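*Asks:* Chain residues, written in single-letter form:
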Amino acid sequence: MRLLVQKTFEAVTFSDRANALLSDNFWLAAGFILLALITTVAFISILGLSLVYVERKIAAHFQCRLGPMRVGWHGILQTIADAIKLLLKEDIVPERADRILFFMAPVLAILATVLALMVIPLSPSLQVVDLNIGIVFIAAVSGIGVLGILLGGWSSNNKWSLLGAMRAGAQFVSYEISVTLSLLVAVLFAGSLQLSEIVQSQAAGWWIWRGHAAGLVAFIIFCIASTAELNRTPFDLPEAESELTGGFHTEYSGLRFSFFFLSEFINMFIVAALAATLFLGGWMPFHIGGLDSFNAVMDLIPPGLWFAGKTAFIIFLIMWVRWTFPRLRVDQLMRLEWKFLLPLSFANLILAACVILTEAYFFA
Amino acid sequence: MGLTKEKIAPAAEKIPGVSYLMTRMDQVINLARSNSLWPLTFGTSCCAIEMMMATGASRHDIARFGAEVARPSPRQADLLIIAGTIVKRMAPRLRTLYEQMAEPRYVIATGACTISGGPFIYQSYTTIRGADEIIPVDVYVPGCPPRPEGLFYGLLTLQQMIRKGETIRQPGVRRKPVLCALPPEITLADIQKEMEELLKKDSEVDVEQTRKELAWPTGLNK
Amino acid sequence: MSVTITSLSERIRIPETADSPLDTQEYFINMGPQHPATHGVLRLMLKLNGETVQEVIPVLGYIHRGIEKIGESVNYRQFVHLTDRMDYLSAMMNNWVVAMVVEKATKTELNDRIQYVRTILAELERIQSHMLWWGVLGMDLGAFTPFLYGFRDREIITDIFEETVGCRLTMNFIQPGGLMADIHPNFVKRVKEAMTYVKPKIDEYEELLSGNVILQERTRNIGILPADEAISLGVTGPPLRASGVPYDLRKVEPYGVYDKVEFRTAVGTVGDCWDRYWVRVEEMRQSVKIVEQLIDNIPEGKTMLMKPAKKIIIPKGVFYSNLETARGILGILIASDGVSDKPVRIHMRSPNYNNLWAVDRISRGSRVGDLVANVSSLDLVVPDIDR
Amino acid sequence: MSTSDIIPGTPVNEPLPQSELVKSILALDLRAAPYEGNADCPAVQVPVDGLLKLLTKLRRDPEFNFDMLSSHTAVDRLEQNVFELVYYLYSLTKQKRLLVSVLIPRDNPVAPTCSGIWKIAEWQEREVYDLFGVCYDGHPDLRRVFLEDDWQGFPLRKDYHDDFMLTREPIES
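Protein sequences, first through last, are from chains A, B, C and D. In this text, residue positions in the first sequence follow the working numbering: the first is 107, and each later residue adds one. In this text, residue positions in the second sequence follow the working numbering: the first is 9, and each later residue adds one. In this text, residue positions in the third sequence follow the working numbering: the first is 28, and each later residue adds one. In this text, residue positions in the fourth sequence follow the working numbering: the first is 221, and each later residue adds one.
Hints are computed from structural coordinates only; laboratory data are not their basis. Values in this document were obtained by computation on a predicted structure and should not be read as measured data. Glycine included, each C-beta is placed from N, C-alpha and C at the ideal position. Watch out, some of these pointers could steer you wrong.
What the hints assert, rightly or not - Interface residues of chain B toward chain C, partial, derived using beta-carbon atoms under 8 Å:
no.: 1; residue: K22
no.: 2; residue: Q35
no.: 3; residue: T52
no.: 4; residue: M60
no.: 5; residue: A65
no.: 6; residue: V95
no.: 7; residue: R97
no.: 8; residue: S124
no.: 9; residue: P127
no.: 10; residue: S132
no.: 11; residue: T134
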């Protein structure tokens, strides 16, 4: 038994632990998987609720006001009240909607989110599953999310929803290219598709500065393009309030609307976490190659904290942009991607390849 | 009265403790609902500016009560703040908007026009004399237009009403409404008591039936 | 002579063209009457081809209260408070135009104190109206924060109004023959404070929004309205001046004490959304300048020249007055029979009703997003359109 | 009503002296006549069949160049059984104002449209049609603007009756 526990905790990811247990005792493994499931659901809900709260508070302080104040200390329970209310609200299905697709759409949206969350290494010992094709997996499953949006907009049988969904589809397909190209830069640097290995490869320095201009440019492109994928200002065309009423989720109410709402915020976390993992070293502390004493001091801060700090910083950045900028127009959005970001991404990829060939890293 | 009691079979109440639990659950649910009133962005005229002042302006900031998440789509909104005059052409649209909102839904009527027709009662061939001719109203906020503080008072009154479980309605049937701006010494309970006495007979009004019976109030001429 | 009367359903009928299943078809979509972009209950029927706007058909009447009909049953003093509820963001100017036409018809000479106070109040109203517009334009283009900044600064001016007038929005202060009451003793001090507060705020607006690349992209060369068409379409106010016509009633036919102050008329060149934006921001600056010139020199005098107990009876005939509100030229026509203290006919020439129809002209061929920018740049107040 | 009710300063009704503008319009010989009533700006009156010709001349002739139709509305003169159509013209270049008045019978209220001269006339005429029922011949899109298409009657007419409308009884002083 002791050996088993030791084996379980030596394993890095949830799936490895479950495998380790499964080889020994089926019921223990089943219990472990159940526990893991509950933890994941709780993690997602708490993360979503706190992100909504943070967003509302940050927005309020950007706008010289206070934000939620009445429910709990400084309104800290506000989003819980919102969640309970949304869960118990009447669920309306429009008469002429396509019922099955209408039900499926929010589930697909949240499914994509949860799947993408699985592979992100939160700390060296906390990761659900460490796939050797992690990046490809993320790029693949995040595509399901837009399918949910498209289905939702189409099945609502509402012209505004349809317009919003079509915008979302066009936007996602376009910006996915830039996102993938900037992901490739990090893959080139690290020489692996496995996320844990990408993090390990940044032990001597984060790719954002170790990879010269290529890393920095890839990071910026990734931030811009993934903000567009998140449907947030200045790219919030699919749900542009002043243009399309509610966009693709105009007809959704109650629980199903909260699924869209939740997946949007968890997606924001995923994008921030991915950016942190690929370019800012994930849970890896701030290291400078060669300065061993400095690195040792940095190692004192737990890796989970490093990861949380980096992710929080990028989330704040995304929120800052949202509450500052106006919105682009549809054709301007497309022009930005196809005429500016895409060529830049390709050029950057070639530059990254040159950097690798010449091995001209900082602190190699 | 409450939500859980409607859904759970009465037989379950006989089990000891269930009744207590349900009451507690109702309280929690009502607390959550009262603290998360997302308004619909709806406004027709002057009152809408004061409503925007209340919801938007940093000085007043309705966000403190958790009600700043203004939803443009009626499906996701809980609170319909009728701000501004309702005319004949708008009336069916207002009715549609109300029907598109998901239960539980609450209505605040702000301003003289939505309460009675305001300055446009006489000689106007379109103005509806009070939004409650069209949809049931929970709280009235008088003023022309009411100050943002007045709207907050209305919102807080509505929150109190929800916590007491007083606004759950059957479709098509409505309770008599409560006026929000009370003088300081009169409490909500007093008004309710008085109303119950006065309106014992028709404490629940069938909207369709009343409309048929009640012609336009010609008595107002005097 | 044959007159055919059509209906809305006939107007929006699209002929069936089912030649090939691959043909794209135009479709109508309703923007409003409950839509965040139309600032109230304006309904725009959009004929779209994909996202390209082919035609805009405004459908009105969702807030038509029949103010002109009510006006025939009340006297002139009573009518003033109805005008507050038309263009509630220019309530002072709306009051003033009624007072102006009655004073013109009865040939009442006003003293300087009344004129000075009226002018100052009107300019304050113009500043707060433009502030609100600035915020709402930001919100329509997707930037939510300017909305709150505009509202925050507007409160400062609303406070001044509340102190002197007793009301924040619907003023009912400028009455035929003078003012409802004298100004508050704190008025001069508070206005000076407000002006020192507002001036740097306008620069802040410019920093926050005007220089933004996205705003420039969204407004430059969008919704161009050439000068000759603007005149033919009866467009007045900032949209007309943005098209390059320096027509400002405050300059052309000075009323109040506009002839005693020095200010410049902001004139655009192209007539696009950006020019309309710029003209309004510049007008805020000019209004601050006007208020600053006047506020120290308010002369003494009575503030009400007509005894409120007496009926106002204006001579038989047709009288017309107009002035420049924050949105354009507001005219009032009164037909009187010379006997009663109520008009036979009272007609308001509302600036918004006449500006609205330019939406179709400037939005054809643009995207839905541009349409929102166009509607916002015309700064429509729907109750003034419908009356 | 006694004379003391009239506030001091009210002038006695006296027609305005004819301005230069009115004189030059009368000289055009387009059946225009001086305005019969009292107006506070230069005003002319024209029979309904001469209206379009006069307005076209006023718009196109560089001497007048009235390029803006400032306001157009109708006045219901019930006792004379006519509608008075009022056109307020404005010239931006010359900065002059002119009132053109037309009387049309109440039982057959038809007038020519001037939407070919000023674009805004199309919508100002629609408003007048909606509220007074004045039909404009040749109007491209004549339909109700404020009220529903199936509305009965024209509310701003003096004899309009509506069961819905409340009337205030005059307060005796």
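*Asks:* Each hint: holds or not?
*Replies:* Quick rundown of the hints versus the structure:
1. K22: violated, 48 Å
2. Q35: violated, 34 Å
3. T52: holds, 5 Å
4. M60: Hint on B:M60: holds, closest Cβ of chain C at ~7 Å, below 8 Å.
5. A65: holds, 4 Å
6. V95: At about 6 Å, which falls below the 8 Å cut-off, the nearest Cβ of chain C leaves the hint on B:V95 intact, so it holds.
7. R97: holds, 5 Å
8. S124: Violated - the Cβ of B:S124 stays beyond 8 Å from chain C, reaching only about 14 Å at its closest.
9. P127: holds, 6 Å
10. S132: At 5 Å from the nearest chain C Cβ, B:S132 passes the 8 Å test, so the hint holds.
11. T134: holds, 6 Å
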